[in-house]
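Following the hints, put chain B in place on chain A, whose structure we already have.
Listed in order, the protein sequences are those of chains A and B.
For the first sequence, the numbering used here gives the first residue as 82, with consecutive numbering after it.
For the second sequence, the numbering used here gives the first residue as 82, with consecutive numbering after it.
Calculated directly from the structure, the hints in this document are not laboratory data.
Owing to the predicted nature of the structure, the values given are computational and were not obtained by experimental measurement.
Ideal Cβ positions, reconstructed from N, Cα and C, are used throughout, including at glycine.
The reader is advised that the hints may include incorrect statements.
[Claimed, not checked] A few chain B residues facing chain A, derived, Cβ under 8 Å:
id, residue
1, 365
2, 610
3, 632
4, 633
[To be verified] Per the computed footprint, the stretches of chain A lying under chain B, defined by three or more beta-carbons under 8 Å from a beta-carbon of chain B, are:
id, region
5, 325 to 337
6, 409 to 422
7, 565 to 573
There are 2 protein chains.
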Amino acid sequence: MSPTEPTPSIPDPAASDAREPFRHKWWGWGAEGARFDIENRPRLWPWILSLDNQTDEIPARLPEPDRASIRLRSPRDTDAFRTALADVLPEGRLTGDEDERLRHAFGRSFRDLVRLRTGDVPHPPDLVAFPESTEEVEALVAAAVAHDVVLIPFGGGTNIVGCVEPDAEVRPVVTVDMTRMNRLVELDERSGLAVLETGMFGPQVEAALRARGFTLGHHPDSFVYSTLGGWIATRSAGTQSNEYGKIEDMVVGLDVVTPTGRLRVKPLPAASNGPDLKRLLTGSEGTMGIITRATMRVHPIPEVEDYRLILFPSFRDGVQALHGCVREGVMPSLARLSDERETEFIAHSRPVATGLERWLQKPVKAWLGLRGYDRPALMILGIEGPRRRAEHLRHSVLRILREHGGLDLGRKGGEAWKESRYDVPYLRDYLLDYGFIGDSFESATSWGRLEELHARVVPAVEAACQEVTGRPAYVGAHVSHLYETGACLYLTVGAHSGRGYEHLEAEYDAIKAAATRIFVEEGAALSHHHAVGYEHGPWLGAELSEPGVRLVDAAVSSLDPGGHLAPWNLGPTARQGRSGSP
Amino acid sequence: MSPTEPTPSIPDPAASDAREPFRHKWWGWGAEGARFDIENRPRLWPWILSLDNQTDEIPARLPEPDRASIRLRSPRDTDAFRTALADVLPEGRLTGDEDERLRHAFGRSFRDLVRLRTGDVPHPPDLVAFPESTEEVEALVAAAVAHDVVLIPFGGGTNIVGCVEPDAEVRPVVTVDMTRMNRLVELDERSGLAVLETGMFGPQVEAALRARGFTLGHHPDSFVYSTLGGWIATRSAGTQSNEYGKIEDMVVGLDVVTPTGRLRVKPLPAASNGPDLKRLLTGSEGTMGIITRATMRVHPIPEVEDYRLILFPSFRDGVQALHGCVREGVMPSLARLSDERETEFIAHSRPVATGLERWLQKPVKAWLGLRGYDRPALMILGIEGPRRRAEHLRHSVLRILREHGGLDLGRKGGEAWKESRYDVPYLRDYLLDYGFIGDSFESATSWGRLEELHARVVPAVEAACQEVTGRPAYVGAHVSHLYETGACLYLTVGAHSGRGYEHLEAEYDAIKAAATRIFVEEGAALSHHHAVGYEHGPWLGAELSEPGVRLVDAAVSSLDPGGHLAPWNLGPTARQGRSGSP
Numbered sequence: 082m083s084p085t086e087p088t089p090s091i092p093d094p095a096a097s098d099a100r101e102p103f104r105h106k107w108w109g110w111g112a113e114g115a116r117f118d119i120e121n122r123p124r125l126w127p128w129i130l131s132l133d134n135q136t137d138e139i140p141a142r143l144p145e146p147d148r149a150s151i152r153l154r155s156p157r158d159t160d161a162f163r164t165a166l167a168d169v170l171p172e173g174r175l176t177g178d179e180d181e182r183l184r185h186a187f188g189r190s191f192r193d194l195v196r197l198r199t200g201d202v203p204h205p206p207d208l209v210a211f212p213e214s215t216e217e218v219e220a221l222v223a224a225a226v227a228h229d230v231v232l233i234p235f236g237g238g239t240n241i242v243g244c245v246e247p248d249a250e251v252r253p254v255v256t257v258d259m260t261r262m263n264r265l266v267e268l269d270e271r272s273g274l275a276v277l278e279t280g281m282f283g284p285q286v287e288a289a290l291r292a293r294g295f296t297l298g299h300h301p302d303s304f305v306y307s308t309l310g311g312w313i314a315t316r317s318a319g320t321q322s323n324e325y326g327k328i329e330d331m332v333v334g335l336d337v338v339t340p341t342g343r344l345r346v347k348p349l350p351a352a353s354n355g356p357d358l359k360r361l362l363t364g365s366e367g368t369m370g371i372i373t374r375a376t377m378r379v380h381p382i383p384e385v386e387d388y389r390l391i392l393f394p395s396f397r398d399g400v401q402a403l404h405g406c407v408r409e410g411v412m413p414s415l416a417r418l419s420d421e422r423e424t425e426f427i428a429h430s431r432p433v434a435t436g437l438e439r440w441l442q443k444p445v446k447a448w449l450g451l452r453g454y455d456r457p458a459l460m461i462l463g464i465e466g467p468r469r470r471a472e473h474l475r476h477s478v479l480r481i482l483r484e485h486g487g488l489d490l491g492r493k494g495g496e497a498w499k500e501s502r503y504d505v506p507y508l509r510d511y512l513l514d515y516g517f518i519g520d521s522f523e524s525a526t527s528w529g530r531l532e533e534l535h536a537r538v539v540p541a542v543e544a545a546c547q548e549v550t551g552r553p554a555y556v557g558a559h560v561s562h563l564y565e566t567g568a569c570l571y572l573t574v575g576a577h578s579g580r581g582y583e584h585l586e587a588e589y590d591a592i593k594a595a596a597t598r599i600f601v602e603e604g605a606a607l608s609h610h611h612a613v614g615y616e617h618g619p620w621l622g623a624e625l626s627e628p629g630v631r632l633v634d635a636a637v638s639s640l641d642p643g644g645h646l647a648p649w650n651l652g653p654t655a656r657q658g659r660s661g662s663p
Numbered sequence: 082m083s084p085t086e087p088t089p090s091i092p093d094p095a096a097s098d099a100r101e102p103f104r105h106k107w108w109g110w111g112a113e114g115a116r117f118d119i120e121n122r123p124r125l126w127p128w129i130l131s132l133d134n135q136t137d138e139i140p141a142r143l144p145e146p147d148r149a150s151i152r153l154r155s156p157r158d159t160d161a162f163r164t165a166l167a168d169v170l171p172e173g174r175l176t177g178d179e180d181e182r183l184r185h186a187f188g189r190s191f192r193d194l195v196r197l198r199t200g201d202v203p204h205p206p207d208l209v210a211f212p213e214s215t216e217e218v219e220a221l222v223a224a225a226v227a228h229d230v231v232l233i234p235f236g237g238g239t240n241i242v243g244c245v246e247p248d249a250e251v252r253p254v255v256t257v258d259m260t261r262m263n264r265l266v267e268l269d270e271r272s273g274l275a276v277l278e279t280g281m282f283g284p285q286v287e288a289a290l291r292a293r294g295f296t297l298g299h300h301p302d303s304f305v306y307s308t309l310g311g312w313i314a315t316r317s318a319g320t321q322s323n324e325y326g327k328i329e330d331m332v333v334g335l336d337v338v339t340p341t342g343r344l345r346v347k348p349l350p351a352a353s354n355g356p357d358l359k360r361l362l363t364g365s366e367g368t369m370g371i372i373t374r375a376t377m378r379v380h381p382i383p384e385v386e387d388y389r390l391i392l393f394p395s396f397r398d399g400v401q402a403l404h405g406c407v408r409e410g411v412m413p414s415l416a417r418l419s420d421e422r423e424t425e426f427i428a429h430s431r432p433v434a435t436g437l438e439r440w441l442q443k444p445v446k447a448w449l450g451l452r453g454y455d456r457p458a459l460m461i462l463g464i465e466g467p468r469r470r471a472e473h474l475r476h477s478v479l480r481i482l483r484e485h486g487g488l489d490l491g492r493k494g495g496e497a498w499k500e501s502r503y504d505v506p507y508l509r510d511y512l513l514d515y516g517f518i519g520d521s522f523e524s525a526t527s528w529g530r531l532e533e534l535h536a537r538v539v540p541a542v543e544a545a546c547q548e549v550t551g552r553p554a555y556v557g558a559h560v561s562h563l564y565e566t567g568a569c570l571y572l573t574v575g576a577h578s579g580r581g582y583e584h585l586e587a588e589y590d591a592i593k594a595a596a597t598r599i600f601v602e603e604g605a606a607l608s609h610h611h612a613v614g615y616e617h618g619p620w621l622g623a624e625l626s627e628p629g630v631r632l633v634d635a636a637v638s639s640l641d642p643g644g645h646l647a648p649w650n651l652g653p654t655a656r657q658g659r660s661g662s663p
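So that you can see chain A by itself, here it is in the shape it has in the complex (with noise of 0.2 Å):
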């Protein structure tokens, strides 16, 4: 796709039926017509086949996904269920119908993906509920409590650690999906407070507000296809969390649908009123209630949004340079910053006409290599905001980043990447379909030891990767979401063993663990932005220290006391493992 084109994975968010255009197709990531461009990425399949030199070949395609294949196992009895809800959700807003109750099985993790592959999906929901009003959550909550049903809170359902998927329960277990609860209920200019149903997806968020002159500001890779309530329920972080924050950070009140009550965290720019328990809502990953509205800051829309991608001489100059910006209190609004090995991945992958492709030509190759540029680092830059203070930050970061090596190559590549920056997920369904793994692990640590964890980590996963399919894999990284004391580090991967589907998920497990298995070695976070879900869940005990686990599981069973809402997250079940992941 061209730069200038608007991607096709932006729906618009004024569709007749607003959830429509955002929810994913059966089987994979992004609407049923949705599709990675491979035609406009020519020189993608070559690299691929560079990386082992065995073949030339690009791997036979994979069998398609075959929905007739697939009989979920019947519901489980509702009707007490059901009856207490007559009154309250009609027809068709309370339903068994096998098609909803398929796309609410799962996330979009890489192994959700695989399972919709292979039609493994032991535990779907008996019912999907879609309520449109808080009045319509508590009588949902009141009911699973009256009649000992799980509730399980799911946004768009895009999360990568199993935090949507029901485990083996013998209660009934009824997803609650939120997106009817669209609305921006109430806007305070002023004060840069915006009330917010969390069923909304980015699209909608942003629609609402651009249209009153304001935006949220938060661009995870999932924007399109996720929610207000899930980006708070998992602790999100966007593209530009450097200028905005975390979610956590957005977040100022919150409106909680509790089995012991409804829960309200009073909008407060700040207080000393006890324990802040608005940042123990968020994370809390649907156990400890139903968040159906958020006071959020929102922010004027920026009147300057520059995009452009910088080269460095390597990956170490790049890292001094984002930390001479931080030192100097001038912290770009994006800064995503790839190693060695990533750039090469992003300069083969990126579509033509992204201004990349002029860089892998010979004789400006040739001219960046006598300038020391020959195995460079690449960065993409984002300075947002009010026209004065985004062009005096622009200004410094530019010469902080010069100071470090760092060569400007302009606007155009920035804005193809920013038009084009939720196509990522995209590649992972499309090498998956030639039995590719394709993912990334996650982590953030502190400037001291953020090169020392990077020193160790990739070589880690590359053995990993070689060791589990017998192949030399890709795995590069970059740093984001810069802040004060360090930043997130994020490694992309891909590996290829060729043995099908059914060996895929225990050799993901095991390349996944040899991350995770250092990231936590080096006191780095189990993750910055993905949550805890089952697939980190047994590393949740040493991360979070034994009282800390009690403390977690305490403030669960005060709001939760029968276990109702998504019991499997961060509780007992998924520390010990899930029983859910086969």
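Leaving out everything else, chain B in the frame of chain A:
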């Protein structure tokens, strides 16, 4: 005192016994010899006396506090507890000494000062412990659990809401004075992370860090006499919180000794590993554990520290100017904007040679009056940081302030303010010598509600003072601690009934309740930075909502099931009203 001399209230952190210089006299604010410098404030009494125009005579001084008249009740039996700790804490570091018990009986609220002067000390601790290591704190906590003793973590004892005060209690009570744990343990310069023991007083924190080129940047009014652990336990805010954040924004990791084990919050720049536990422990007011070490975000010593005074035609103009700064994303490091009334108070109460008296002289006043500054509002403005950033900030902020009528009075008055900024609490003691209630009440609210809150709460407190004392009182306010969505509103109050010590507490309670009632009605914070304790306890249920209160109780119980740590804070006793407040 002159603006260039160091104020006598900041002792030398390198003094031989590092704790001593920062300890309060037993009956009031500040070290034994420190006193409010009235000689240098010739305009103060005439202005006070002009408030109700009934007399031009300074009221009689009330009796001096008399240590000899205070006899504490006999300590309860702590033999078993002491025996258990005999090998851990040597003689003198676990003591029943009456002077130490008295020093640790109260914080420094207005009521505490009155009670010390009247010898009303109903619930002193039975023992005071002075641990020097985390292991000693663990031994104390273990012995408390084993022998059913209640512990109160105690830093500098400046708390003004009762957080360090024992309540009526059948169990023995031991105050744990943390001020011997006062070392900088580790400094990671590249990450800007310092591991600090929590018993460090403000000047010790800054001396240790500045010797290595760093600063924490936390300067509450209590700075000289309060500790890192106290700041964390109560969600303190320093004057430069716009630049460096509230204390909860600075905490990166925590080590906490709880009755159920050592809780460690890993130091991470950001994470998505479930609820953010450090935000739950920050603000725990001693109830969840004893915080022994904290990993704090620190900053290179700012290259620029530019403090100046700005005059606005009105409070409203100043508020608009601050909102303008926030909207342009250029937050001054410090901005304290007084309303017209507080400006008058400041002009009459600041020492000679601060530069402020010039503006009271007739020709200058006339000149100002002609230009619309006849009833002006004064702002203290601070710009700090790395040179380039600070220069841009100063330029931008001064431009915006000018656009709203801000008149730059220059740096002389700003430097004078900075030099004497920790002197304010001494005024409270001084006025109390003459039977005056002098105190401050603070909250926080959104920009959209700030002016309305100011317009309601100031007259309400004035009316309460008039009703309680039968005389006109002084009630002023300032805005400080700016956030994108709102700010702190801080009232300063002076009232005088002339009825003597025995009436002051009831008078104070009525005035304080009038302020709190409006804060709560307006949806503003119960407190912005002074914690809950027993003073705000009865309002906590409304503040956090019913499930929120249950959540806090569950968190406390999970870590301290036996209620061995400051059990009167946050929990049911605080919310129902402590018996400890007579």
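Here is what the structure says about each hint:
no. : hint       : verdict
1   : 365        : 6 Å, holds
2   : 610        : 5 Å, holds
3   : 632        : 5 Å, holds
4   : 633        : 6 Å, holds
5   : 325 to 337 : holds (count 4)
6   : 409 to 422 : holds (count 3)
7   : 565 to 573 : holds (count 5)
Every hint, counting from the list given before, is met by this structure.
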